[in-house]
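Enquirer: Okay, here's what each chain looks like letter by letter:
Number of protein chains: 2
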Amino acid sequence: MTDYEARKTYIARRDESMRLVDQVFDSPFKVADLKVPDEIPLDAKPLFLSLVSDDDRKILQIPPMELLKKLKSGTLKAVPVAGVFCRAAVVAQKLVNCCTEFLPDLALMYAKKADEYMEKNGKPMGPFHGFPLSIKELYALEGRAAHWENPDLINNMQTDNAVLVNGLLELGCVPFCRTTAPQFLMSIESFSPMHGLTTNPHNTSLSSGGSSAGEGAMIAIGASHLGLGSDIGGSIRVPAACCGIYGYRPTNGRVPITGADSLTPGYNAIAGVVGPMASSADLITLFMESIESLELWKRDTFAERSAWVPVNPKEVTVGYLLDDGHVKPHPPVERAIKEFISKMEKAQLPFTVKFKPFTPMQHEEAWKIITGLYFPDGGQFLKDALTNSGEKATDQTKMIALENPNCVEHSVKSLYAAQDVRNKYKTAYQKHWKDQGVDVVIMPTVPSAAIVPNTTKYWGYTCVWNLLDYPATIMPIGKVQESDKKDESYTPRNDLDKAHQDLYSPETYANAPVGLQIVTPRWNDELALKMMEVFSHAM
Amino acid sequence: MTDYEARKTYIARRDESMRLVDQVFDSPFKVADLKVPDEIPLDAKPLFLSLVSDDDRKILQIPPMELLKKLKSGTLKAVPVAGVFCRAAVVAQKLVNCCTEFLPDLALMYAKKADEYMEKNGKPMGPFHGFPLSIKELYALEGRAAHWENPDLINNMQTDNAVLVNGLLELGCVPFCRTTAPQFLMSIESFSPMHGLTTNPHNTSLSSGGSSAGEGAMIAIGASHLGLGSDIGGSIRVPAACCGIYGYRPTNGRVPITGADSLTPGYNAIAGVVGPMASSADLITLFMESIESLELWKRDTFAERSAWVPVNPKEVTVGYLLDDGHVKPHPPVERAIKEFISKMEKAQLPFTVKFKPFTPMQHEEAWKIITGLYFPDGGQFLKDALTNSGEKATDQTKMIALENPNCVEHSVKSLYAAQDVRNKYKTAYQKHWKDQGVDVVIMPTVPSAAIVPNTTKYWGYTCVWNLLDYPATIMPIGKVQESDKKDESYTPRNDLDKAHQDLYSPETYANAPVGLQIVTPRWNDELALKMMEVFSHAM
Chain A
0 MTDYEARKTY
10 IARRDESMRL
20 VDQVFDSPFK
30 VADLKVPDEI
40 PLDAKPLFLS
50 LVSDDDRKIL
60 QIPPMELLKK
70 LKSGTLKAVP
80 VAGVFCRAAV
90 VAQKLVNCCT
100 EFLPDLALMY
110 AKKADEYMEK
120 NGKPMGPFHG
130 FPLSIKELYA
140 LEGRAAHWEN
150 PDLINNMQTD
160 NAVLVNGLLE
170 LGCVPFCRTT
180 APQFLMSIES
190 FSPMHGLTTN
200 PHNTSLSSGG
210 SSAGEGAMIA
220 IGASHLGLGS
230 DIGGSIRVPA
240 ACCGIYGYRP
250 TNGRVPITGA
260 DSLTPGYNAI
270 AGVVGPMASS
280 ADLITLFMES
290 IESLELWKRD
300 TFAERSAWVP
310 VNPKEVTVGY
320 LLDDGHVKPH
330 PPVERAIKEF
340 ISKMEKAQLP
350 FTVKFKPFTP
360 MQHEEAWKII
370 TGLYFPDGGQ
380 FLKDALTNSG
390 EKATDQTKMI
400 ALENPNCVEH
410 SVKSLYAAQD
420 VRNKYKTAYQ
430 KHWKDQGVDV
440 VIMPTVPSAA
450 IVPNTTKYWG
460 YTCVWNLLDY
470 PATIMPIGKV
480 QESDKKDESY
490 TPRNDLDKAH
500 QDLYSPETYA
510 NAPVGLQIVT
520 PRWNDELALK
530 MMEVFSHAM
Chain B
0 MTDYEARKTY
10 IARRDESMRL
20 VDQVFDSPFK
30 VADLKVPDEI
40 PLDAKPLFLS
50 LVSDDDRKIL
60 QIPPMELLKK
70 LKSGTLKAVP
80 VAGVFCRAAV
90 VAQKLVNCCT
100 EFLPDLALMY
110 AKKADEYMEK
120 NGKPMGPFHG
130 FPLSIKELYA
140 LEGRAAHWEN
150 PDLINNMQTD
160 NAVLVNGLLE
170 LGCVPFCRTT
180 APQFLMSIES
190 FSPMHGLTTN
200 PHNTSLSSGG
210 SSAGEGAMIA
220 IGASHLGLGS
230 DIGGSIRVPA
240 ACCGIYGYRP
250 TNGRVPITGA
260 DSLTPGYNAI
270 AGVVGPMASS
280 ADLITLFMES
290 IESLELWKRD
300 TFAERSAWVP
310 VNPKEVTVGY
320 LLDDGHVKPH
330 PPVERAIKEF
340 ISKMEKAQLP
350 FTVKFKPFTP
360 MQHEEAWKII
370 TGLYFPDGGQ
380 FLKDALTNSG
390 EKATDQTKMI
400 ALENPNCVEH
410 SVKSLYAAQD
420 VRNKYKTAYQ
430 KHWKDQGVDV
440 VIMPTVPSAA
450 IVPNTTKYWG
460 YTCVWNLLDY
470 PATIMPIGKV
480 QESDKKDESY
490 TPRNDLDKAH
500 QDLYSPETYA
510 NAPVGLQIVT
520 PRWNDELALK
530 MMEVFSHAM
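From first to last, the protein sequence lines are chains A and B. Residue numbering for the first sequence follows numbering that gives the first Met the number 0, beginning at 0 and increasing consecutively. Residue numbering for the second sequence follows numbering that gives the first Met the number 0, beginning at 0 and increasing consecutively.
Derived from the structure by calculation, the hints contain no laboratory data. Careful: at least some of the hints might be erroneous.
Identical chains share a label here; the pair holds if one copy fits it or two copies do between them.
Lysine-lysine pairs mimicking DSSO-like chemistry, simulated, CA-CA at most 27 Å apart [unchecked claim]: (1) K69 with K44; (2) K327 with K484; (3) K430 with K397; (4) K7 with K29; (5) K433 with K397; (6) K423 with K297; (7) K456 with K111; (8) K367 with K412; (9) K412 with K423; (10) K433 with K337; (11) K355 with K478; (12) K297 with K430; (13) K412 with K382.
Generate coordinates for the entire structure from the input sequences, incorporating the hints supplied.
Expert: Structure follows, in structure tokens:
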């Protein structure tokens, strides 16, 4: 990795903000004194817990809804909790390389605000009073750069906070760090030449998934409970699944995107959305209820009017999709979903849930359509950014754009023809879904448990829902087991499938989580989250 | 006008469907026997009423909400009422040239359905039980062509009804005719080479406005109470204003567009929307309440989830804009709005309404942005359609596209740059509006009372709200008076303004209506319609 200007700026900023942690928060545990072993073990979480101080560990190990309760009742003050999470972020960074910047100054400011509010009013300032919030780097923060892991934007200074960030500050959240993503955010892996690889806390030889790579790793290792991600092809869901946490891609327009949408101004072929990642399903639902209560659509002219309408179904038909017919999931993924269904069929759920198979509709075609619409300029914008900055294209950038056969420079005429194909696919899928008589679909998130770095060639399990703009949410349902043997009798369907099957052994993916994807049609977000809540409580 | 194939097909279909009216509905008044004078008088409405039969006239003159009440109570049966409106459409067609096709077969079928439902169930089938509905030609109707006044699509057969049409059929509506529009629907006037000029019933030397030209004329002459239009630059609002009726452009996504969106597949630079036109404000509100109660977003994957949320404000601040600073409205427009404000300030309204001036933000710039985004292929699509069909471009098609300096062929890069300019304008206008502290803006719809055929060079009073996607609704507030003298002392600001001022004399625009435009920010449709309801009841 050569030392080009953007990387130097990046590292300098990050390290400077790291030093600030000890200055801003007074604690006997100084992050400057941290001694991290040269070799990080496969499972990084025990090491993480051993490196933080005893006092900090007590706070970090409080379950999220209980931590929130303690903050809202005043049992815990926001300022010391903010210090704990700032220090934890540094420890996490040293183990899995997940932070682009630490925000001790902001954390102190907003934590003080919360404490002062409670002092004065005797009640919490909002549903997230004093709750620590990690933020994917792309979100605009006033007075700081937002670069989208685009080295050409390293000094892209922001004059306002993103609309969503402001909403969360009003709800009481305390921002404490910004998190990593792959180059241009256009990969479901976690490598960027600026910061290197973000690794998976469950198995540090694996990727944490992407593009919201740092959020996945931060929450999985236990250094954050709630974070902000973004998703145009699986970027919230894949790291959530890879890291064994929760993550939700809302219907486009429900969560305001202004201030988190500036990588490709004017682009609108595929909708990128923003949404939460969390250590519990309940946090995701609370996030959505609270954010929609603010009516942020009144402040963001690109958001749709929406309000959270809780659902209380009597009976739900769940379609299950184990294999999209193009790339077959590895054995632990299929096994975990089958076990999950069997468990839920026996569980006492608050309403009737019927499972039946769901047949996918041309997901390979969806992959072709969406990869033909991600870069309608044929990737020229990426090439220019790399030329300007001197950064090299990663293999994943080549895979999705620069060497992708579907990534061609469109004329306006061919762009609209491609968008018409997209629209017809949407209309056809709507009918296809209805014809199968299901309310919800459950399925893999990726066809593997986490990801071996630099092996991804297909995002079809997630990006089909970006193409259709269907809400989808992720919950952990298990881990790879030694008994998940490779099926040696399986004959791959195509080269892609063969390459994918060849990757598998239970040793390679040891301890890696499997994330279940729960999907509903557009604007049925409430049902998707209700199912996640019910399923996760029954697990 | 040469006799090219599309025009021959068009005329043959229209005349064949006209003959069907006498065959389908049994009445002593045969449309085949109609004797229409060679010279149509300036005011066509008295002639219209004298040409229909006495029995039909009684039905046609029932005020709309009363007609609906009689149909819903069973006092009037749907089948005979359908016959009356089918015959009235033919009379209207002969006077102002407003129909592309008559639908007596469909009218009978759906009217029978309503009557049979009431017979069987003793109650109306829906809020529009048996109510006649006219439909702009572009809406898909199963088994019929939809050509969008594009001669190249004259045989563009449709396999389904538009989603909105199906919704209205479920609500009880009875479709009885399809109505005219200008070439490619891309004009706020009413001329198409296929059918010629649709004239204004209030002054037949004037245009009825466009592009929903036939709907405006049909409703103004009294041959329909409720119709469907579409609007990408003013196409519902301009004919509503020109014809002295009501018309409403909803926020994009509220009223489902599938089946009325096929002229330019895959296009999405500016959102075209569909919406109602009517003879009363109450019909518009009932339309929206009823349509949204059907939750058609569940059937149209391109619609947003929305529900009608009635508003009951205590105080409303109304900004008034008399002149956009680029093209000054003719004297009757300014006078009518000033009189309207003065009247409303004295009226007993159900809540406090405060008026204050509203300053526009660069509406000339909005016109440049939107005309640069209507045809990102530089109009090649239009040229191809004309070459294929042998139809000639109208002057209005030349004005907005083929000879418009802003209409250039974009690359994907320049398209996204132009869309970014659009987005920044949206964001800036949101702030601009807020800074002025108004809830609603009232303003002209066009800078004249109706339109002298083939004179339009600017849609800035309406298209700025398409660019911003703000809901806007139209109500009649007066007519041109002899005393509306030309202001001879006025010095035009620019060539466009000069050409516009030169058109004016009270004689040229005699009897022409002035339509007030009522605008609110995105998703505040309920407030716009509430203001229209309150204002129109106070008039």
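Enquirer: Taking the numbered hints from earlier one at a time, note which ones the structure violates and give those numbers from smallest to largest.
Expert: 3, 5, 7
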